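Asks: Given the structure of chain A, go ahead and fit chain B onto it with the hints provided.
What follows is the residue order along each chain.
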Amino acid sequence: MSSGPFLLLEDLSKRFGATVAVDHVSLALERGEILALLGPSGSGKTTTLRLLAGFEVPDSGRVLVEQDDVTPVAPVARRFGMVFQHYALFPHLDVGQNVAFGLESLGVRGEELGQRVSRALALVDLAGFERRRIGQLSGGQQQRVALARALAPEPRVLLLDEPLSNLDPALRERTRREIRDLIRRVGITSVFVTHEQEEAFDLGDRVAVLRGGRLEQVGTPEDLYAAPASEFVAEFVGRSSSIPVTVLGLGDRGLRVEVEGVEWQLTDGASSSVPAGPGLMVMRPEALRLLPPAPGSNNGVITQRRFTGSASLYTVLTDGGASLEVSGPPRAVSPGERTGILPSRRAGGGIHLFPARGK
Amino acid sequence: MKRDRRSSIAAGVLLLFLAWLVVYPLLLVLIEGFRGPNGWTLEFVRQFFRRRNEAQALWGSLWISVATVILAGGIGVPLAFLLWRYDFPGRRTLGGLVALPAVLPPLVGVIAFLFLYGESGFTSLLVQWLFGLEEPPWRLQGAAAILLVHAYSMYVYFYLFTRAGLSSLDASVFEAAASLGAGRGRTLRRVVLPLLYPSLGGGALLTFMTALASFSAPYIFGGGFRVMPTQIVATRLNGDDQLAMIETASLTVLALLALWLLRGARVANEQTGGGKGVPPALVPIRSRAARLLVAVIGWGLALVLLLPHLTLLLVSFVPAGTWTTEPFPPAYTWRNYLTLIQDPVRARPLLNSLWLATAATGVAVAIALVAGILSVRRRVRSGGVIQGLLTLPWAVPGTVFAIALATAFSVHAPLAGRFILVGTLWILPLAYLVRNLPLTGRAVLAGLRGLDPSLDEAAATLGAGWWRALRRVTLPLLRPALVAGASLAFVTAFGDFVTSIMLYTYDTRPISLEILSSLRQSDVGVAAAYGVVLMAVSSLVFAVGAEQGSTG
Chain A
1 MSSGPFLLLE DLSKRFGATV AVDHVSLALE RGEILALLGP SGSGKTTTLR LLAGFEVPDS
61 GRVLVEQDDV TPVAPVARRF GMVFQHYALF PHLDVGQNVA FGLESLGVRG EELGQRVSRA
121 LALVDLAGFE RRRIGQLSGG QQQRVALARA LAPEPRVLLL DEPLSNLDPA LRERTRREIR
181 DLIRRVGITS VFVTHEQEEA FDLGDRVAVL RGGRLEQVGT PEDLYAAPAS EFVAEFVGRS
241 SSIPVTVLGL GDRGLRVEVE GVEWQLTDGA SSSVPAGPGL MVMRPEALRL LPPAPGSNNG
301 VITQRRFTGS ASLYTVLTDG GASLEVSGPP RAVSPGERTG ILPSRRAGGG IHLFPARGK
Chain B
360 MKRDRRSSIA AGVLLLFLAW LVVYPLLLVL IEGFRGPNGW TLEFVRQFFR RRNEAQALWG
420 SLWISVATVI LAGGIGVPLA FLLWRYDFPG RRTLGGLVAL PAVLPPLVGV IAFLFLYGES
480 GFTSLLVQWL FGLEEPPWRL QGAAAILLVH AYSMYVYFYL FTRAGLSSLD ASVFEAAASL
540 GAGRGRTLRR VVLPLLYPSL GGGALLTFMT ALASFSAPYI FGGGFRVMPT QIVATRLNGD
600 DQLAMIETAS LTVLALLALW LLRGARVANE QTGGGKGVPP ALVPIRSRAA RLLVAVIGWG
660 LALVLLLPHL TLLLVSFVPA GTWTTEPFPP AYTWRNYLTL IQDPVRARPL LNSLWLATAA
720 TGVAVAIALV AGILSVRRRV RSGGVIQGLL TLPWAVPGTV FAIALATAFS VHAPLAGRFI
780 LVGTLWILPL AYLVRNLPLT GRAVLAGLRG LDPSLDEAAA TLGAGWWRAL RRVTLPLLRP
840 ALVAGASLAF VTAFGDFVTS IMLYTYDTRP ISLEILSSLR QSDVGVAAAY GVVLMAVSSL
900 VFAVGAEQGS TG
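Which chain is which? The protein sequence lines are A and B, in order.
Anchor point for the first sequence: position 319 equals 319 in my numbering, and the numbering is continuous, going up by one each time.
Remember, my numbering sits 359 above the position in the second sequence when you count from 1.
I should point out that these hints are in silico values taken from the structure, not numbers from a laboratory.
Treat each hint with caution, since some may be false.
Said to hold, decoys possible - One-sided and incomplete, this derived list gives chain B residues near chain A with beta-carbon spacing under 8 Å: (1) Gly809; (2) Ser813; (3) Leu814; (4) Ala819; (5) Pro835.
Said to hold, decoys possible - Okay, the calculated beta carbon distance ranges per label pair: (6) B:Leu834 x A:Ser60: 34 to 42 Å; (7) B:Arg622 x A:Phe16: 41 to 49 Å; (8) B:Arg808 x A:Ser41: 21 to 29 Å; (9) A:Glu154 x B:Gly721: 37 to 45 Å.
Keep in mind it's a predicted model, so treat the numbers as computed, not measured.
Even for Gly, the Cβ is constructed at its ideal location relative to N, Cα and C.
Pulled out of the complex, with its shape left as it was, chain A reads as follows:
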């Protein structure tokens, strides 16, 4: 019977006055899975998380845990743990009292309470911190106390609201790894909100991309990168640049596309479903290559070069007026020089075609 998803968001919608914050979002999580809600600000990701926690009541749709409808269950009784963006640690209680707070709600008392608080603190590497005041802790330590407090009552689901946004950039990567290891070890089903793609990819088993309250795409990081379902996902996830094109139709070696007056044949890619006519082509930097300018090919001027280590990232202003990012050898050309552009032979899934905007 337990073959269904562990956590199910079924067609959730929420509007605040005239604005639709969440628009028919459905998501399913397996037990122990980590899902990232990724999107720019105003995309509805935080509202979705608050609907999950029960702080907002959906206008329509349901939240189910193991087929059990928890939509009408108040946050108090939902047993979802939450780590808040600014941690929301109780400043008047010490670390131990903060962690004990949720356990006391469950009626845990006496010796067991102390043991479980210690265990939760040991889990986040803060053993022996019980009597510290919240104000004495560093940002990273406060974050771990918040995690320990959320995990101590052994909630069914863990929710994290921008868990890393309050930390120094230097600390973020390490903390990210620690959180991921911790969640894996505990094995708790988790949903977290972020606006940073790197964070979503690193921490999430799957990533749900939201935009304007709508779910654009959900999938593994690899899926999103290699096969973006929309122009928005293609541009939001990973580096890319775009150029308007005209789709001519299927040719003998692939899809024929006219790019600023030059015909390209795209050998592979999941874009053959795009109908003939105006379209938008989104390309990863590594899907393009530079070559000496030649008549009959796409030419332009290098406007910027950024050294990234093994390669350089070139910005090219094409003669047609588009600005493209192209990956190439570190010192191939210098800014100000003219260059030609071609799709790379190993472009793989790096070029994506979508119907033109505004259709």
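Replies: Quick look at chain B alone, frame taken from chain A:
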């Protein structure tokens, strides 16, 4: 959803109660002012404009209030700058003494001035004795006397607002101005003052409203000089109830007009506002002459500030009828204090004031808490109106509320929400409650706004119901605000004179009225002893409030 509905119901009940207690009596006053024996009439408005007294009183109120603002600002603002920026001998002592006038309830401050600068007060007796004069050298009467008391007791507002504004300025502001080549004068003019405008406006507003509502000083010192609050009481004593209501309405309009004119001001000296900046280093005064001058001024000022308190203390030990023409009283005794405790008739006002102030403060805190949670946390739709009703009594002079409550609750009409409370035990605590609501309300609202709402949500995800979240999270964090609001409210109610004089009964007579009657019987020692008790309790409550508030 169930919770939302419960919140809405609670908000509705609270709204109804506040409207009944705060707005309804004021409306009744307005209505009755336009009603004669034969229906609606403008007769009393006409009377109001025909009599020269009325115009004089209104004009007197206005110019006394404006002059008070100028005087209080002239003392408070430079003092705040001096203590904030310069180091000089006695700086700490002076800094500790500047808030002293705040522990004198209005009537107590007035009688202290009477003992100190009045015709038979220390200074005039001293001058008389030194120069062998037959007559007292001056009379403490009229506008000058009122302004003297106002300046003494209200410069504190300007001082505190200016200090709060200054302490929120970061040293980097001055460094930035200096790096941009601005000299001291230009920095003050272009940077510091513009940043201080909201604070100065707040100080001006508070001073103006307090001066406009001031009753004790004009009542004792006014003589032939009229201001509206005393005029209202006099008219009412004459039995011209309707005219008193028109006067009341005119004073209210003046108060609301001031509020509207100064609407850009920082309304409250809220804890969350200032104190974030790193203050610039103190500038030591190097020149020897300047140091001496500042030190003399500073110590002189400290003495002037402290003299009323010392006077009160000294007079409280004077046996009845022994002190007549000597510059200092010839005999001292503990009897006045013993009378206060042992004589049941004289101990009664003390107990009355204690229970009245405690009850009014307790209920005001509870209402403020409920209103705060509903409007700030639950964000009920009527939240704005609730907050408005809570703070409205602040803008309305005490005399006005006294008249309004006396009007509303002297009629038995339960269906119209009116009961006979005048002459009963209940009218005074109710009046104190109305006057306390803005004090506790402000503090609680500011405290709640300063709390991160996710603290509540965190408690909820950890399984704490609303009661446990309130008891374990919200209330402990709100304690500093609660204590601050409660102590201010208690002190105000404990020393109240302006509403009490119109609403008290023999059984509920508070300390202030006992002071007045002792004074009338020339029993200055007992009056001063009561004054000392008021002063001591106020200081104690403030000290406890400051202590608790900071360690919360």
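Asks: Of all the hints given earlier, name the ones this structure violates by number, lowest first.
Replies: As far as the earlier hints go, 1, 7 are violated by this structure, in ascending order.
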